[in-house]
Structure formats: C-alpha cells, structure tokens
Amino acid sequence: MTLMDELPIQSGDDVVRVRQRVRVVAADSGLSLVDQTKLVTAASELARNALVYGGGGTARIEVVTSAAGRAGVRVGFSDDGPGIADVDLALTDGWTTGGGLGLGLSGARRLVDEFELTSKLGHGTSVVVIKWSR
Amino acid sequence: MERVPILKLGRTLFVSIQIDLQDDSVMRLQEDLADELAATAATGVIIDITAVEIVDSFIGRMLTMIGSISRLFDAETVLVGMRPAVAITLTELGLSLRGVRTALNAEKGMKLLSGRAR
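As they're listed, the protein sequences go chains W and D. Just so we're aligned, residue 11 is where the first sequence starts under this note's numbering, counting upward by one. Just so we're aligned, residue 51 is where the second sequence starts under this note's numbering, counting upward by one.
One thing to keep in mind: the hints can contain errors.
Unchecked claim - Ranges of calculated distance between the beta carbons of each label pair, as one might list FRET restraints: (1) I69/D - R70/W: 33 to 39 Å; (2) Q80/D - A77/W: 29 to 35 Å; (3) E142/D - Q20/W: 38 to 44 Å; (4) A78/W - E142/D: 19 to 25 Å; (5) W105/W - T141/D: 16 to 22 Å.
As the list claims (entries may be wrong) - Which chain D residues stay away from chain W? Per the calculated CB distances, all over 12 Å, these: (6) P55; (7) G60; (8) R61; (9) S66; (10) D70; (11) D85; (12) A89; (13) D98; (14) R121; (15) L122; (16) F123; (17) L145; (18) R151; (19) T152; (20) A156.
Claimed, not checked - Which bits of chain D does chain W cover? Going by a derived footprint, with three or more residues having C-beta under 8 Å, they are: (21) 99-112; (22) 127-140.
No lab work stands behind these hints: they were computed from the structure. Just so you know, these numbers come straight off a predicted model, no measurement behind them. Beta carbons: idealized from backbone N, C-alpha and C, even for Gly.
One chain only, chain D, in its complex shape:
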C-alpha cells in the first residue's frame, strides 16, 4: 500500500494525491490527517486531486469524511483541481460531496482558507 504524504505550509496541511488510490491508502490518509490536525493545530486542509483520474463512491465518501473530521479539529477542508470528467461522473454516480468546499485550483483554495486564518 502506498501512502499519501502530508505537507505543512504555515497553518495549512497540503495533500496532493499523485497515486492511483486504493481503499487502504485513502483510509490511511484519513488517519494520518487526523493525527496531523491534532498535532499541528492546522486551520485548513487542501486536498489536490488534479492527478486523480477517478473518484468512486468509496473515495468520495472518504473525502467527505475527511471534511467532517477536519471540522472537529476546527479546520476547513478544500478539495481542489477536480477534473471535468471526474465531476461529471461523480454527479451521475449520485455523490455530492456535501460538506466539503471545493476550489478550481490550489491557489484559489489557499485564498479561501486565508479568509479564516487567525
């Protein structure tokens, strides 16, 4: 199982998913992020999915859960870089990713988060 690295940039945790996600890797990411949020008191999480070719119901559910978990640590999650084909497929699949904010790219995602930086 490959692990997704988590970078800390100021008070933001930055995750760029560059691997073909398997279920165990996503669950591991969820746990690693919760640990990092608790340890660093970060106020934001950016998840970059520019390189992600598909988001199925399991991965989608995990992304939503990461958003919920972050909120419990007083941090906001922004999902950035979704491919158009992924957006169309997710919608048809019936997943809305409710509760997770999205932005077109990492820069806009950082801007969204800086609005609430303390």
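Just chain W, with the same shape it has in the complex:
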C-alpha cells in the first residue's frame, strides 16, 4: 500500500472516488467501522466543498502515526477557489452560501479528531483533517 495518495476532485464521480479511497485507507489503518464512517462522511463534505465552492481541487490521503504511536489517517483538501472571507462564520452551524443546510464544514469538523482550515481570499482554501484509531 502506498503511504500517500493524491486524487483529483473535478466531478461528482471524483468525490465518490475520494470517499472510496479514504474508506480503504481508514479500514487498513485499523479505524473502527464508526470512525471509518465518520472520516468518510467528513471527506465527502470537504470534497464536495472543494468542487462546488473551490471550483475543483485535490485530495491527499495519508497514513500517519501520532506521537503516542497511534495510527491515523490524514486527509487534506485544497482548491484554488475564491477562498473564504470569514472562516469563523463559515464554521458556524447553519451558515451557508450554497443553499444547503450549512452543516458541511461545521459537521465535518465534529466528525474528525483534528481539523485545520486555512484560506486566503483569492487564493483558495485548504482543509486538513485527521482521524486517529482508538
């Protein structure tokens, strides 16, 4: 198994492929079924965001080890879209510019153990999440 996978996010089919790949890596890394499902769901939200709001991007899936020796899966999403003007607002439940429920970003954060969002107006957005095995 390769330690790092990079997948394009340019279509709805790509979003499905990212989900499937994250599922395989999460299962191989020993995440429980519930934790796999949470990570895949978070990945689905973030991949869709990269596609819909970022105009497409890339997902990087990596197996990582914590300082305490626990295995985990890190998934990074990046796009070259318009960026997010107010990150705190974007992470609020119910806030949306897309006509959805506004749970994608805030919900994804709740489903993972680590969540880091960086965004620069006019230069795109990057979100990195990690789920550790228990």
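Chain W is fixed; fit chain D onto it per the hints.
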C-alpha cells in the same frame, strides 16, 4: 451518472439504493420519484439504504426533501435499513432527517405504510 431504479409494488414505490451515491444521482432520484408519484398515485415510498455506507449532509437533505415532496402527493416516505455507523455519524453531523419516517427494515416499513393503505 448512475440511476437508482424505482419499483412499483401495489401502491408503494420501492427504492433500494445499491450504488455509491453521487450528488447528481440523488437529485435525479428525487425527480424520478416525483414523476412516479404523479403518474402512479402511489401512497407510500420505501427507501432502502441497507447498502448505503455514508449519508452526508447533501444526501441527508435530499432524503428529507423526498419526504416533503411525497407528502405533497399524499404519499408517506419510510427510510429503512440504516446502518448503525451511519445513524451515529448523521446524528453527530447534526442531521435529524425530520419529517422522514424510519423503520428497521423493509418489512417493517411496508407494515407502517399498510396502516394507511386505502
């Protein structure tokens, strides 16, 4: 894009989702179901998600909307077969699927609907 087939069993429309859902497929299902409801005067819709590994906020919203649309056609929607890991994840995500009835499996879902059959 793959399409989800809709089966008609008496006055019930039965949908079993067996593919990895992408957004376009769910939207298409919503439109196909509305067409079928109008054409068949069905009184119930069963959506079987036994094979569905994740329900994210978009898919969840579409399922809720299918419930609302069915009601406008005087039909009730029952979501059946949700996996435990999906239920836990949906709840943590903050989705309650309000307005959609659920049942443990297709058989119980059919029973729920038969209560209102005419």
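Hints, verified against the model:
1. Range check, I69/D to R70/W: Cβ separation about 26 Å, and the 33 to 39 Å hint is violated.
2. Checking the proposed 29 to 35 Å range against Q80/D and A77/W shows it is violated: the Cβ atoms sit about 46 Å from each other.
3. With their beta carbons about 29 Å apart, E142/D and Q20/W fall outside the hinted range of 38 to 44 Å.
4. Between A78/W and E142/D the beta carbon distance is about 24 Å. The supplied range of 19 to 25 Å therefore holds.
5. Here the CB-CB span from W105/W to T141/D is close to 20 Å, well matched to the stated 16 to 22 Å.
6. Chain W leaves P55/D outside its interface by the beta-carbon criterion, the shortest separation being 18 Å against a cut-off of 12 Å.
7. The beta carbon of G60/D is kept farther than 12 Å from every beta carbon of chain W, the shortest such distance being approximately 33 Å.
8. At roughly 31 Å from the closest C-beta of chain W, the C-beta of R61/D stays outside 12 Å, upholding its exclusion from the interface.
9. Distance to chain W confirms S66/D as a non-interface residue, since its nearest Cβ pair spans about 18 Å, more than 12 Å.
10. A Cβ of chain W approaches the Cβ of D70/D within 12 Å, the least distance being about 5 Å, so the stated non-interface status is violated.
11. Chain W leaves D85/D outside its interface by the beta-carbon criterion, the shortest separation being 22 Å against a cut-off of 12 Å.
12. In this structure A89/D is separated from chain W by more than 12 Å, as the shortest Cβ-Cβ distance comes to about 27 Å.
13. With a minimum CB-CB distance of about 18 Å to chain W, D98/D clears the 12 Å threshold, and the non-interface call stands.
14. Distance to chain W confirms R121/D as a non-interface residue, since its nearest Cβ pair spans about 19 Å, more than 12 Å.
15. Annotated as non-interface, L122/D keeps its C-beta farther than 12 Å from every C-beta of chain W; the closest such distance is 20 Å.
16. F123/D, annotated as away from the interface, keeps every beta carbon of chain W farther than 12 Å; the closest lies near 23 Å.
17. The beta carbon of L145/D is not kept farther than 12 Å from every beta carbon of chain W, the shortest such distance being approximately 7 Å.
18. With a least beta-carbon separation of about 20 Å from chain W, R151/D lies farther than 12 Å from that chain, consistent with its non-interface assignment.
19. For T152/D, the requirement that its beta carbon stay farther than 12 Å from each beta carbon of chain W is met, with the minimum near 17 Å.
20. Under the 12 Å C-beta cut-off, the non-interface status given to A156/D relative to chain W holds; the minimum distance is some 22 Å.
21. Note: the segment 99-112 of chain D has 8 residues with beta-carbon separation from chain W under 8 Å; the three-residue rule is met and the coverage holds.
22. Only when three residues or more bring their CB closer than 8 Å to a CB of chain W does the claim for the segment 127-140 of chain D stand; here the count is 6, and the claim holds.
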